[in-house]
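2 protein chains.
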Amino acid sequence: MMARIHISPKPDILDPQGKAVNSALHDLGYREVSEVRVGRYITLEIQPQPGQDSRARLEEMCRRLLANINVETYTIEIHEG
Amino acid sequence: MMARIHISPKPDILDPQGKAVNSALHDLGYREVSEVRVGRYITLEIQPQPGQDSRARLEEMCRRLLANINVETYTIEIHEG
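Chains P and U, in that order, give the protein sequences.
Under our numbering, the final residue of the first sequence carries the number 81; numbering is consecutive throughout.
Under our numbering, the final residue of the second sequence carries the number 181; numbering is consecutive throughout.
Some hints here could point you the wrong way.
To be verified - Have a look at the derived ranges for each label pair, beta carbon to beta carbon:
| hint | chain 1 | residue 1 | chain 2 | residue 2 | range |
| --- | --- | --- | --- | --- | --- |
| 1 | P | Arg4 | U | Arg164 | 23 to 31 Å |
| 2 | P | Gly81 | U | Ile176 | 19 to 27 Å |
| 3 | U | Gln147 | P | Gly81 | 34 to 42 Å |
What the hints assert, rightly or not - Taking lysine to aspartate or glutamate and the EDC-like style, the derived pairs with C-alpha atoms no more than 20 Å apart in a straight line are:
| hint | chain 1 | residue 1 | chain 2 | residue 2 |
| --- | --- | --- | --- | --- |
| 4 | U | Lys119 | P | Asp12 |
| 5 | U | Lys110 | U | Glu159 |
| 6 | P | Lys10 | P | Asp53 |
| 7 | U | Lys110 | P | Glu45 |
| 8 | U | Lys119 | P | Glu45 |
| 9 | P | Lys10 | U | Glu145 |
Hint data in this document are derived by calculation from the structure and do not stem from the laboratory.
Each residue gets a CB set at the ideal place from its N, CA and C atoms; glycine is no exception.
Modelling step: build the complete structure from the supplied sequences, incorporating the hints.
Here it is, written out as structure tokens:
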């Protein structure tokens, strides 16, 4: 199965990278843009062993390694097959 | 309207960041994981001016600034309202 993980800065946290992209887009003439937020998008293949709860383990991976839960939120989608 | 942009390493391109994450997950005991790819996830608000083609302009933003089209692919989703 395949998992897709989105990691984004929390809404109330400053996002310096998003601010920089916003500013660069304005400089290029794209004035219609605002509120740019830059996060990460991680895909992975999972071959679960018998008895493994893939979603619970992906939650663990996010909390332990992939996301900084102090300043980021994450969502996990699992696609079978 | 809101736009969501996914930028990922092309399938045939090495992804050193994905390899590093894969290896770190294995070290933590998540041996069921493989094929990790790390991309970017960008959200932005758009207030199109009359006559502007938002999708065409988002494509331009991706090609000119947001993505490196030599080694990355991107997808654009637009959500009205």
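Structure-based check of each hint:
{"no.": "1", "hint": "P:Arg4 - U:Arg164: 23 to 31 Å", "verdict": "26 Å, holds"}
{"no.": "2", "hint": "P:Gly81 - U:Ile176: 19 to 27 Å", "verdict": "26 Å, holds"}
{"no.": "3", "hint": "U:Gln147 - P:Gly81: 34 to 42 Å", "verdict": "40 Å, holds"}
{"no.": "4", "hint": "U:Lys119 - P:Asp12", "verdict": "31 Å, violated"}
{"no.": "5", "hint": "U:Lys110 - U:Glu159", "verdict": "17 Å, holds"}
{"no.": "6", "hint": "P:Lys10 - P:Asp53", "verdict": "27 Å, violated"}
{"no.": "7", "hint": "U:Lys110 - P:Glu45", "verdict": "16 Å, holds"}
{"no.": "8", "hint": "U:Lys119 - P:Glu45", "verdict": "13 Å, holds"}
{"no.": "9", "hint": "P:Lys10 - U:Glu145", "verdict": "16 Å, holds"}
Checked against the numbered hints given earlier, the structure breaks hints 4, 6 and satisfies all the rest.
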